[in-house]
Structures are given as C-alpha cells and as structure tokens.
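So the sequences go chain by chain: A and B. The letter at position 70 of the first sequence is residue 70 when you use UniProt numbering, and the numbering goes up by one with no holes. The letter at position 419 of the second sequence is residue 419 when you use UniProt numbering, and the numbering goes up by one with no holes.
These are calculated hints, taken from the structure and not from any lab test. Glycine residues also receive a C-beta, built at the ideal position from the N, C-alpha and C atoms. Certain hints may be false.
Stated by the list, open to error - With a cut-off of at most 25 Å between alpha-carbon atoms, the simulated DMTMM-like pairs for lysine to aspartate or glutamate come out as follows:
1. 339/B with 416/B
2. 25/A with 132/A
3. 84/A with 309/B
4. 339/B with 346/A
5. 134/A with 165/B
6. 84/A with 187/A
7. 84/A with 165/B
8. 451/B with 440/B
9. 220/B with 161/A
10. 195/B with 252/A
11. 84/A with 166/B
12. 220/B with 132/A
13. 254/A with 199/B
14. 220/B with 83/A
15. 396/B with 440/B
16. 220/B with 187/A
17. 254/A with 194/B
18. 195/B with 161/A
19. 388/B with 338/A
20. 134/A with 440/B
21. 134/A with 236/B
22. 21/B with 88/B
23. 134/A with 309/B
24. 339/B with 144/B
25. 297/A with 132/A
26. 58/B with 47/B
What the hints assert, rightly or not - Residues from chain B that keep clear of chain A, each with C-beta distances beyond 12 Å, as calculated:
27. 46
28. 369
29. 384
Chain by chain, the residues run as shown.
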Amino acid sequence: MAKAPASRRKSEPPKPNRERPDEPKRYKASEEELLDFYKQMLLIRRFEEKAGQLYGLGLIGGFCHLYIGQEAVAVGLQSALSDKDSVITGYRDHGHMLLCGIPPRDVMAELTGRAAGISKGKGGSMHMFSVEHKFYGGHGIVGAQVPLGTGLAFAHKYSNDGGITLAYFGDGAANQGQVYEAFNMAELWSLPIVFVIENNQYAMGTSVNRASSEDQLYKRGESFRIPGIQVDGMDVLAARGAAEEALQWVRDGKGPIILEMKTYRYRGHSMSDPAKYRSRDEVQSVREKSDPIEHAKRELMEMGVSEESLKDAEKEIRKTVNEAADFAESTPEPEAGELYTDVLVETY
Amino acid sequence: MAIELKMPALSPTMEEGTLAKWLIKEGDTVSSGDIMAEIETDKATMEFEAVDEGTLAKIVVPEGAENVKVGAVIAMLAEEGEDASSIEAPSADSAPKAEEAKVEKGPESPAPEPHKVETGARQMYDAAEHDAEVADPEIPEGTEMVTMTVREALRDAMAEEMRADERVFVMGEEVAEYQGAYKVTQGLLDEFGDKRVIDTPITEYGFAGVGTGAAMGGLKPIVEFMTFNFAMQAIDHIVNSAAKTNYMSGGQMRCPIVFRGPNGAASRVAAQHSQNYGPWYASVPGLIVIAPYDAADGKGLLKAAIRSEDPVVFLENELMYGRSFEVPKLDDFVLPIGKARIMKPGKDVTLVSYSIGVGIALEAAEKLAAENIDAEVIDLRTLRPLDKATVLKSLKKTNRMVVVEEGWPTCSISSEIVAICMEEGFDDLDAPVTRVTNEDVPLPYAANLEKIAMIDSDKVVTAVKKVCYKD
Numbered sequence: 001m002a003k004a005p006a007s008r009r010k011s012e013p014p015k016p017n018r019e020r021p022d023e024p025k026r027y028k029a030s031e032e033e034l035l036d037f038y039k040q041m042l043l044i045r046r047f048e049e050k051a052g053q054l055y056g057l058g059l060i061g062g063f064c065h066l067y068i069g070q071e072a073v074a075v076g077l078q079s080a081l082s083d084k085d086s087v088i089t090g091y092r093d094h095g096h097m098l099l100c101g102i103p104p105r106d107v108m109a110e111l112t113g114r115a116a117g118i119s120k121g122k123g124g125s126m127h128m129f130s131v132e133h134k135f136y137g138g139h140g141i142v143g144a145q146v147p148l149g150t151g152l153a154f155a156h157k158y159s160n161d162g163g164i165t166l167a168y169f170g171d172g173a174a175n176q177g178q179v180y181e182a183f184n185m186a187e188l189w190s191l192p193i194v195f196v197i198e199n200n201q202y203a204m205g206t207s208v209n210r211a212s213s214e215d216q217l218y219k220r221g222e223s224f225r226i227p228g229i230q231v232d233g234m235d236v237l238a239a240r241g242a243a244e245e246a247l248q249w250v251r252d253g254k255g256p257i258i259l260e261m262k263t264y265r266y267r268g269h270s271m272s273d274p275a276k277y278r279s280r281d282e283v284q285s286v287r288e289k290s291d292p293i294e295h296a297k298r299e300l301m302e303m304g305v306s307e308e309s310l311k312d313a314e315k316e317i318r319k320t321v322n323e324a325a326d327f328a329e330s331t332p333e334p335e336a337g338e339l340y341t342d343v344l345v346e347t348y
Numbered sequence: 001m002a003i004e005l006k007m008p009a010l011s012p013t014m015e016e017g018t019l020a021k022w023l024i025k026e027g028d029t030v031s032s033g034d035i036m037a038e039i040e041t042d043k044a045t046m047e048f049e050a051v052d053e054g055t056l057a058k059i060v061v062p063e064g065a066e067n068v069k070v071g072a073v074i075a076m077l078a079e080e081g082e083d084a085s086s087i088e089a090p091s092a093d094s095a096p097k098a099e100e101a102k103v104e105k106g107p108e109s110p111a112p113e114p115h116k117v118e119t120g121a122r123q124m125y126d127a128a129e130h131d132a133e134v135a136d137p138e139i140p141e142g143t144e145m146v147t148m149t150v151r152e153a154l155r156d157a158m159a160e161e162m163r164a165d166e167r168v169f170v171m172g173e174e175v176a177e178y179q180g181a182y183k184v185t186q187g188l189l190d191e192f193g194d195k196r197v198i199d200t201p202i203t204e205y206g207f208a209g210v211g212t213g214a215a216m217g218g219l220k221p222i223v224e225f226m227t228f229n230f231a232m233q234a235i236d237h238i239v240n241s242a243a244k245t246n247y248m249s250g251g252q253m254r255c256p257i258v259f260r261g262p263n264g265a266a267s268r269v270a271a272q273h274s275q276n277y278g279p280w281y282a283s284v285p286g287l288i289v290i291a292p293y294d295a296a297d298g299k300g301l302l303k304a305a306i307r308s309e310d311p312v313v314f315l316e317n318e319l320m321y322g323r324s325f326e327v328p329k330l331d332d333f334v335l336p337i338g339k340a341r342i343m344k345p346g347k348d349v350t351l352v353s354y355s356i357g358v359g360i361a362l363e364a365a366e367k368l369a370a371e372n373i374d375a376e377v378i379d380l381r382t383l384r385p386l387d388k389a390t391v392l393k394s395l396k397k398t399n400r401m402v403v404v405e406e407g408w409p410t411c412s413i414s415s416e417i418v419a420i421c422m423e424e425g426f427d428d429l430d431a432p433v434t435r436v437t438n439e440d441v442p443l444p445y446a447a448n449l450e451k452i453a454m455i456d457s458d459k460v461v462t463a464v465k466k467v468c469y470k471d
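Just chain A, with the same shape it has in the complex (with noise of 0.2 Å):
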C-alpha cells in the first residue's frame, strides 16, 4: 500500500546553500549618463520603425523581427559593458548591434539586402555578425546562441583575456533542452558568461504561463546552482543596476549568472504576425503606463533637461536613421560573383 504524502510542513523556505547576489539597485544615472542611455533608446525604436517601414515597402524581405519596447534591456545592460566583452543573441538582433557600435547604415543595408551591409547582404535580418565590435550574432535557429555564447565564453577564459559574454535568449528559447546544456557546462566550468532571458511574454504566439510550466524564469538555472534575478526590463536604470551586479558576480569568478528581464514587445513576433493573441488594449496599456524612452523623458526632465534638447537629441537621430535608409536604398545588390565567394575560407 502506497505510503500517503507527508503533510507539508508550513516554514520558512529553506537557507540557500551557496552565496546569492545582492538584489540589484536601480543605477543612480547622471544627467549625461541618462541622456545618453535615452539616445540609444530613441535610436533603437527609431531605426525599427524605420525598418517597418521599409519592410511595409517591399525592401526588407524575409523575416524581420523588431525590438519596439524592449530598448531598455540591451541599453541598460551593454552600458555597462567593456570593450572586451562579447555579446551574443538571437534572430531580434538590430538594436543589440546598433549599441555594439556598428554603424546603422550597415544593418540597415544588411536588412535590404545589399552589397555595403554588415554580412554583404548575405546573412539578413537574423545573420548579422561583426568579430571587429564583439557582436556574435544573429542567431536565426532559437535558442542555438545560448552554448554557443558559452562557448564564446570558454573562449574568454581559455585565453585568459578578461572578458565576458552577455547571452540574449528569449522567453521562448528558455525552454530548449540545449539551453540546459549550456547551463550545466557554463556552472561546471565557471565560465563568464551572463544569461540573459529577454521575457517579452510571448514566444510568438504563445504567452509564458502556456509555455512554461515554471513561468518565474529567473529560476530557472536553480538546479544548476545559477543565481538568477528577476529585473523589471522596462526600466533602463533598473537594467544597468541589474547589469552591475551580475557582472561583479562574473568577475569575481562566482560563475554564471540569470538575468530575467521582464519585458513587452509592442509589434508583433515578426513583420508577418497580426499579434491576435493579445487584445490591443494589453499592448497599448503597456506602451502608456511602461514605455521605457516616455519614463526616461520624464526622469530626465524632472532633472531639469529642456525639452528643447530632448527635442534636438530626437532629429538628430531621425537624421541618422533617414540616412542609414536612404544608403540602405540606393546602394547596390551584391555582385552575381558574391553567390559563391565565403563559403570557405581556404581553397583545397
């Protein structure tokens, strides 16, 4: 006879056998600091809507997945890196490109599929790459990036070069069985890496608590003995804190580290999608109550920055991204000859 199940017990949750971070602080910005962070919000959802546009146009083909509403993650998190870290993501990879320093007009030529883009038109919106700012993709095959960004992060390690990896994967990929490979790895051999769950709360069409049977992702390295934090994501200075502290924790040699950063895209999963899994109302209540660029406007100008800078700092940057478009336009298709160039490096 089956023994019937031991009551359960009401206690405190049991003390956690290994050192946890801090709970992360939001990141006390200065004025010039802030602005900047603003800057790369505002450059961001400028550059995809943008890109929409040109996608509604016929000139982006494919796949094109945007970035509106996540901005606050990668700029929080990638202001606080160095020039020697590495940064690895998935196939929604404009905006992380964009703040590794590589030119808008080469994503933006990329993304139309020219000769001057950053993979000389061959990669496309979810293959974009660049060895020279650390960006490692672009990622089209989900949840792909996640050992790979441990490898790159082994790669850090082996050559004892002081870097760190910053692994984006989303809500979605969090419940591919590779992705739990890569934790156990990455924990066995304490590699530096920080994992980042973008949760945007739908893996296209399919909400997190559909999806995900533990739908708290940040715990979801606990049986790997990987701390995770839960970080509002909508909240740039909350990101940059969170940041902070998960790379201290990496560069004292404590291991990986989670970051869930809860988020909302506010397009649909790519240009295709109606988004008819979410009423219009969620997503414009998000967009009125959290947008991450409306709340550092206000934060800014309640520490007494003009409107008229801002107003400035905003044509600025539809400058930029008009002329990224027009380059990205006018210039021209690959050669015929490129078809077979860089299938290998060497001949044999």
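Following the hints, position chain B against chain A.
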C-alpha cells in the same frame, strides 16, 4: 571435471591479446567475481573475472605472454572435491575443433582457433588489412616508415598540432581521464593538462555548440563525438552554426573547428549505432568532410583538418582503429585536403571508395587480378570537396567504374559519383557506373543478417564482372 579457463574476447573485433598479469597463483581458491588476471588489448587493460568457484589447478599461459588467441586455454580450474594436482593442461589434440582448425602454437600453449562469427563487420575488418600497392606521391621518396595503428596516428596528429598551436584543444565525452572511449586521445591529458583536454558531460548538442562558439571566439577546438551516431543530437550546430558562419557573415567570422569520431558500422551494434554520415555532411556547403582509410592518411589529414580555417567533419571508423599501417616518419606530415589517392593502378575498371570500403575494394581487386581483370582502386579520402578530377581521369583510362561504399545507397556518395560520371564523363563510359553499397535497410543485429546487409569483396567482384561484360 576440471574447468578450462579460456582467453576471453573483450571487444567484438579482438582476436588476440596479452596476458599481462596473473593476480592469483596455482593452488588459490577463487569464487565468482574474483579478479584472476589482467588482459591487455590494443585498446585497454581489462580484468578477467572468475565465473566458477574452484581451485586454480594449473596456469597454462604464463603472465607476459603476448598474442594469446581468443579462446585459447589459459588455465585450469579444479572444481570442489577435485584433486588440483592431478589436472593437466589439455593437449593440442584434445582442444576443441583442433583438427579442422589451423592451430597456431603460442609460445607455451596450444591455441584453438577462436570461435569466429561470420558477420558483416568481420569481413570489413578482415579486408581492412590491405595496404595501398603504390606509395602516396605526397610522401617524399626514401622516407623512413614506421608501423602504427590508425588510433595512434590520430592521437599523434592531435598531439603534434596541440604542441604547435596553443589555441588547439580537445573536448568530448571521456576524452581526458578515461583516455578516450576508443582510446584515441590516450595520453593527451598527461601531456596537455585539463585546460586543453576536457571531459564533457553527455550533452552532444550542448558541447557541439560550446565548441562552435569557442571557434567563433578565436580558438581551434577538436570536438570528439564518441560516435557520429550521437552527433545527430548536435547536427544543428554542425550545419546551422558552424558550416554557415563564414558565408552568413560575409567572410568576417570564421569557425575553425574539427568534429571527429568513429562513423559507420562497427561490429554487431545494430541500427542506431551503425550509420555512415558521410553523405549527410558532404551535402552541406561550408563543411569540409574527410574520411580516411589508413593510418598515414588519418594522421596527415587530421593535421590538415586542425590547421584548416574551415569547419571540418572528420569521419573515422572504429573497426580501423586497431589496424596497423606504415606511416612516414616526418617532422610534419600534412596531407592536402580534397585530393583522392590511387591505391592501386589498373587499366580494366576503376573501383572508387573511401574509409573502410577501401579495404573491400583492394581485396576485390586482388580477387579480380586472379581472373585477369586489372582494377584501379581510388580512395577519395575527402568527401567534400570531392576530387572529381582524379575520378574522371581514371574513368577516361578504364572506361568502367564501380563505387564501393559502406553505407546506404540512396542519396549517397556513390550516387554523387554516378552523377558526376554521367554529367562530365559520359563519353568515356563503356558501361553504366554501378554501386556496391550496404542494403537499403537499418542495420540488423543478427550476425547472418548483418553479413548480408553489408558490402563484401564478392559483391564487388560480381559488379565488376557485370560492367566488364564478363558474367
């Protein structure tokens, strides 16, 4: 009745071994599970356990004896109540099957022929002792040759490249402390330490991705798969991440990585562990695919693979690991990728093969010679890029071709060779190019079925006679 203790087979392909050490002496009593002796094969040292209870009456094969045949009586065990001192070792005459078997006398004892099951793998293995008839033109004339196993040649290739380049490291399951599941990485941990020889968990998809990421980050990983059957779990990273990186990045991000391990059928390991992935990987632009036959090619091509700036799939063969061949004694022996090799020149028909199939082709050529058919044998060595020129040149000479492949027929390397000959060698053809491949079924376990399913030299001989219109 005394019990005969016989030399055990410790692996499907083991035929003989060294009795390294007796751990008990005559007169000792043993019970089931006691370790009685240590036996060495080319792969490992194994412990020989007692199954029956009794007293060790007589040691027939002393410790240190080499080349002890599987099945040879190595000791006699007296059962309870039996007088151990009265037990004698069996004479050669009384050994089972001694009359019909050719008894190869060991230094101390008569050894009956081990019980050999006729299997497909066995015929592949036996044929794999064939050497090339002509020297590899890549090896300078007069070079001293040393005999070594394919396993040792592969290990030496890795060790040499690791000495030369700090960025090279090896990772995989059991590559370090265990010294390699098939002992290919033997000794590397001792020399290079655990920073560069890394045991991974059983996590193919994960470590293939970690290796690929490390290559993107500037290192030169060698990722060992215990077998390529397990790499199916990792094929996404091989194809989607490694092979396409350089192209998708417009040539700025490289992925210099070697994925290596045994490929194809081993012996009696059945469907899930017996598959040739050559055609799979060879279909992918962006990959280099190498499948060597002998030890020299294993060494020279693995060194080239490690040095390459491109991702390489390096397909070894478990049945070949223990086979010995001559390897040139050169400080830095590197072979060119993408060059086939003529193993035996001939004028009547061309046999094209790669990996373990080359042994079958050479064996068939020997049989054909006896029937006055002079076959040329080509080892492709690299499956991608394929050396079309060598194949077509030979076709021009012989006008007939049979492709020999240990693998399935559909969408195979054979299919590819046939297509190339149709498209670019049509005018040279005196007969259709035909294929001798494994049967188009998952590989069965039963010995007789495995044998039928796999290629052998008789099938090649039949095919050759057909294209020569001599059947």
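Taking the hints in turn, this is what the structure says about them:
1. 339/B with 416/B: holds, 16 Å
2. 25/A with 132/A: violated, 32 Å
3. 84/A with 309/B: holds, 23 Å
4. 339/B with 346/A: Given pair residue 339/B, residue 346/A holds - Cα atoms ~14 Å apart, limit 25 Å.
5. 134/A with 165/B: holds, 23 Å
6. 84/A with 187/A: holds, 21 Å
7. 84/A with 165/B: holds, 23 Å
8. 451/B with 440/B: holds, 13 Å
9. 220/B with 161/A: holds, 16 Å
10. 195/B with 252/A: holds, 20 Å
11. 84/A with 166/B: holds, 20 Å
12. 220/B with 132/A: Given that 25 Å is the threshold and the Cα spacing comes to 19 Å, the pair holds.
13. 254/A with 199/B: Given that 25 Å is the threshold and the Cα spacing comes to 21 Å, the pair holds.
14. 220/B with 83/A: holds, 23 Å
15. 396/B with 440/B: Not OK: residue 396/B and residue 440/B at ~30 Å, beyond 25 Å, violated.
16. 220/B with 187/A: Satisfied, since the Cα-Cα distance of roughly 22 Å is no more than 25 Å.
17. 254/A with 194/B: holds, 20 Å
18. 195/B with 161/A: At roughly 15 Å apart (the allowed maximum being 25 Å), residue 161/A and residue 195/B satisfy the hint.
19. 388/B with 338/A: holds, 24 Å
20. 134/A with 440/B: Violated, at roughly 47 Å.
21. 134/A with 236/B: Given that 25 Å is the threshold and the Cα spacing comes to 23 Å, the pair holds.
22. 21/B with 88/B: Holds, because 21 Å separates the two Cα atoms, which is no more than 25 Å.
23. 134/A with 309/B: Given that 25 Å is the threshold and the Cα spacing comes to 19 Å, the pair holds.
24. 339/B with 144/B: holds, 23 Å
25. 297/A with 132/A: Violated, because 32 Å separates the two Cα atoms, which is more than 25 Å.
26. 58/B with 47/B: Given that 25 Å is the threshold and the Cα spacing comes to 19 Å, the pair holds.
27. 46: holds, 30 Å
28. 369: Holds, since 33 Å exceeds 12 Å.
29. 384: It is violated; residue 384/B is separated from chain A by about 9 Å at its closest Cβ, not greater than 12 Å.
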